[in-house]
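Visitor: Residue numbers (numbering that gives the first Met the number 0), protein chains in the order written: chain A, 0 to 58; chain B, 0 to 797.
In case anyone wonders, no lab produced these hints; they're calculated from the structure.
Note that the Cβ used here is the ideal one computed from N, Cα and C, for glycine as well.
Keep in mind that a hint or two might mislead.
Said to hold, decoys possible - Some chain B residues near chain A, calculated using beta-carbon distances under 8 Å:
1. 123
2. 164
3. 165
4. 167
5. 171
6. 174
7. 175
8. 179
9. 182
10. 206
11. 213
12. 216
13. 219
Stated by the list, open to error - Label pairs and their calculated CB-CB ranges:
14. A:0 - B:450: 27 to 33 Å
15. A:26 - B:85: 22 to 28 Å
16. B:627 - A:18: 48 to 54 Å
17. B:501 - A:18: 43 to 49 Å
18. B:501 - A:12: 16 to 22 Å
19. B:324 - A:26: 37 to 43 Å
20. A:18 - B:24: 43 to 49 Å
21. A:12 - B:167: 28 to 34 Å
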Amino acid sequence: MESLYLLIPLGIVLVSSAVALFVWAVRSGQYDDLDREASRILFEEDRPSPTRKDDTPDE
Amino acid sequence: MASTGHCYHCALPIPAGTHWHRVLDGEERAFCCPACQSVAEIIHQDGLDDYYRLRETPGNRPSPDADGEHPFDNAIFAQQLLQQDDHGHCRARFAVEGLHCAACAWLIESRLSQLPGLATANVSLNDQSLSVEWDARQLSAGQIARRVEQLGYGLSPWHPEAVLALQQREYRASLLRLGVAGIAMMQTGILAIALYLGDYQDIEPQWRELLRWVSLLFALPVATFSAWPFYRNAFNGLRHGETVMDLPVSLAIGGAFIASCAATVWQHEHVYFDSVVMFTFFLLTGRHLEMVLRHRNRRDSLVDHQALPWQACRLDTDHDHREERIPAMLVRAGDRILVKPGEAVPVDGLIHEGRSALNESVLTGESLPVLRGPGEAVLAGSTNTEQALVIVAAGSQAESRIARMHQQLSQALSSKPAFAILADRLASRFVMVVIAAAAVTYWYSLPLGFETALTRVLAVLVASCPCALSLATPSALAAASHALAKAGYLVTRAHVLETLPAITRIVFDKTGTLTEGRLSISEVICTDRLGREDALSIAAALEQHSNHPVARAFTAVRSVSAHDVIASDIQQHPGMGVSGRIGQALYHLGHGDFLGIDPPDQERHWVGLSDAEGLLAWFALQDRLRDDAASTIAALREKGFAIELLTGDRSGEALRIGQALGIDRITAGSSPQAKQSHILHLQQQGERVLMVGDGVNDAAVLATADVSVAVADATSLARLQADAILTRPALALLLTAHQQALATRRIIRENLAWAAGYNATVIPLAAMGWIPPWLAAIGMSSSSLLVIGNAMRLSRMR
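Using the sequences provided together with the hints, build the complete structure.
Guide: Set out below in structure tokens:
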């Protein structure tokens with residue numbers, strides 16, 4: 000049971016970091032648009048574009 | 000080879016005789032126009048084909064690329080629109096038009112992120128906005144806007160409502176408190192189970208101390224940070240001499256926490272950390288739900304100001320009347336503004352040149368355009384349907400009549416009193432009972448010792464948890480509104496679901512509510528010189544470029560026709576008709592007066608087609624009744640509602656339609672004021688009125704009725720005032736909403752009965768010392784979950 004003296008502080012550290020992450024997520028607006036974020040996972044992010052070579056913005 | 004399918008991009012029917020094709024990803028795709036084709040090419044080139052795979056609704060057809068400087072790059076405008084810091088870092092927010100689903104949002108973000116110099120781009124479906132940050136040295140706002148417009152979406156300046164910023168802060172703060180309480184609840188829960196089991200199995204003192212201290216640590220942020228709003232409300236209530244619900248709550252949370260701290264320090268019998276945290280969490284959930292509902296109600300009714308265009312085309316009189324595209328807010332009195340057909344008039348003014356028919360339905364509710372010529376006044380927000388006009392501005396956009404109407408309605412909106420929910424009225428009585436019970440308990444338990452007395456008082460306060468009570472109503476309302484919104488009935492005011500069961504009389508508007516609000520061809524009378532199909536294609540070809548409602552009736556038919564007819568030398572004769580050449584022959588299409596021929600009868604709206612030799616065909620135009628109008632009205636009558644028709648329309652149509660639908664009381668030709676007094680009169684007779692309407696001349700009436708519903712294509716001002724909006728033009732939703740309101744009332748009563756019963760049982764038991772902390776915790780959580788679960792039954796509508 001002595002392990003509790005290690006595990007409980009460890010648990011406290013983990014929970015604190017979880018809370019810190021949560022606070023950061025709320026403050027950076029990640030919870031503002033809940034409908035949209037649910038579908039984000041369906042889209043592939045870094046797909047290489049097949050024909051783009053130059054990146055000049057078109058007029 | 001003519002295609003007869005639907006456009007791959009926008010899903011509209013492909014006009015006969017067009018051949019826009021491209022091979023994309025190995026498959027040949029057909030499009031309705033070069034614009035859609037180029038959008039698809041762009042999407043494919045940029046590697047964004049996921050859009051087609053994952054979208055839920057068809058895409059938008061982009062408008063033709065305008066040249067010249069983009070209004071966003073205008074210096075004066077940019078000052079108001081952008082935020083720029085010294086390092087050239089720029090930030091702006093735009094309202095996006097044409098967003099349908101997450102795929103659209105992703106498409107825009109992905110396409111923008113390919114621009115060099117772009118830092119972040121974020122589309123919010125919630126408020127239909129695009130937030131962008133970029134490097135001003137590499138990019139301009141106009142370039143960013145063009146990139147988005149190429150995909151078919153419209154960008155306009157963001158109108159920040161101060162209340163939205165406030166709502167966002169409120170929402171985030173509440174979420175933080177809730178999250179902290181939730182995480183702490185899990186931790187103290189684990190520790191509490193260990194402690195309760197330990198009580199049974201003789202836990203050793205040092206472990207008991209350790210677990211208690213750790214529980215204290217986790218409960219501390221909850222009892223201070225998360226529960227802060229309760230303390231603040233209780234204190235404010237006391238200052239004003241009111242006993243609010245938050246008073247016993249604060250006493251329970253604060254008192255139990257302090258007592259538990261004392262118990263931890265001085266090794267007393269019971270600690271209540273888990274109850275304290277759970278209590279806070281459930282109450283915060285109830286409040287959070289209420290707040291989300293309140294915000295959603297207000298936000299959805301702050302609809303876009305799209306009636307007023309944000310751009311205007313000014314004629315520079317100093318430089319040979321050159322056209323320049325400027326932001327509409329920069330227009331001043333005396334400026335010459337060009338309004339092309341299809342565009343909305345940006346400011347109030349007088350016509351200088353040109354004669355055209357103007358659609359003023361946004362202001363008057365009249366669906367047929369009105370003819371105006373030089374010297375006559377035009378109003379901001381009306382749409383020019385036939386020919387280009389040059390107007391002289393009478394003032395700025397903010398001074399226009401419609402802008403002032405917006406202002407008045409917004410003010411009326413914010414002063415409309417909130418509907419008192421049943422639980423709030425019971426709240427103060429409940430508080431008295433709880434405090435009395437606690438005091439009595441303390442008095443009676445004092446002989447047993449101070450600690451026992453305190454424990455019992457705390458047990459009473461904790462067990463009398465108003466969690467279930469505070470969750471009872473908002474959870475039911477949230478579940479019910481959500482289900483209705485998915486079906487197409489958007490509730491924008493909290494009182495709707497509670498007032499609907501009391502409605503006795505339903506009043507309908509005609510145009511756009513019972514009817515579709517647009518003209519369609521109901522009958523074609525041909526002569527033996529020309530067949531029906533040919534007559535329709537000739538008429539459609541002549542009306543190709545007009546925005547008049549009459550023209551749209553014909554062009555709607557065109558894409559179905561298999562013939563390929565193009566007209567040239569088309570001339571609009573405003574208010575009369577149109578003429579043009581097809582091949583060598585000159586045709587005329589218009590009213591009887593225009594052709595010089597008498598129409599078949601005087602009752603219906605007839606438009607005739609003739610050539611040099613005489614009449615070719617007659618077309619009867621009609622505003623069609625909605626498909627479910629008859630069945631819905633019959634069903635509503637069966638349910639016992641009195642049905643009325645109240646319209647500003649002066650033609651015999653109202654009487655005819657009313658009789659066809661079996662409506663007993665029909666009032667036609669009513670002015671907006673007359674409509675309003677009619678409703679007031681009914682209310683004075685004791686009737687509770689539900690008004691279903693559409694145009695802006697209903698806006699004041701909608702505010703007067705007990706419950707008001709605006710139909711889907713209703714103009715923005717009517718939607719602002721309506722208590723509920725039909726996002727799909729299905730009148731049958733009125734029945735659905737009524738049923739759902741009855742179900743909601745039943746569920747709320749069940750919830751309140753359960754909550755009251757639970758408290759009534761548990762408080763005496765707690766007073767007698769039979770409720771140890773663990774039992775209080777279980778009781779609290781299960782009663783809350785029961786109430787929420789019961790409310791969830793409303794999510795499944797029959």
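Visitor: Are there hints from earlier that the structure breaks, and if so, what are their numbers?
Guide: 2, 3, 13, 18
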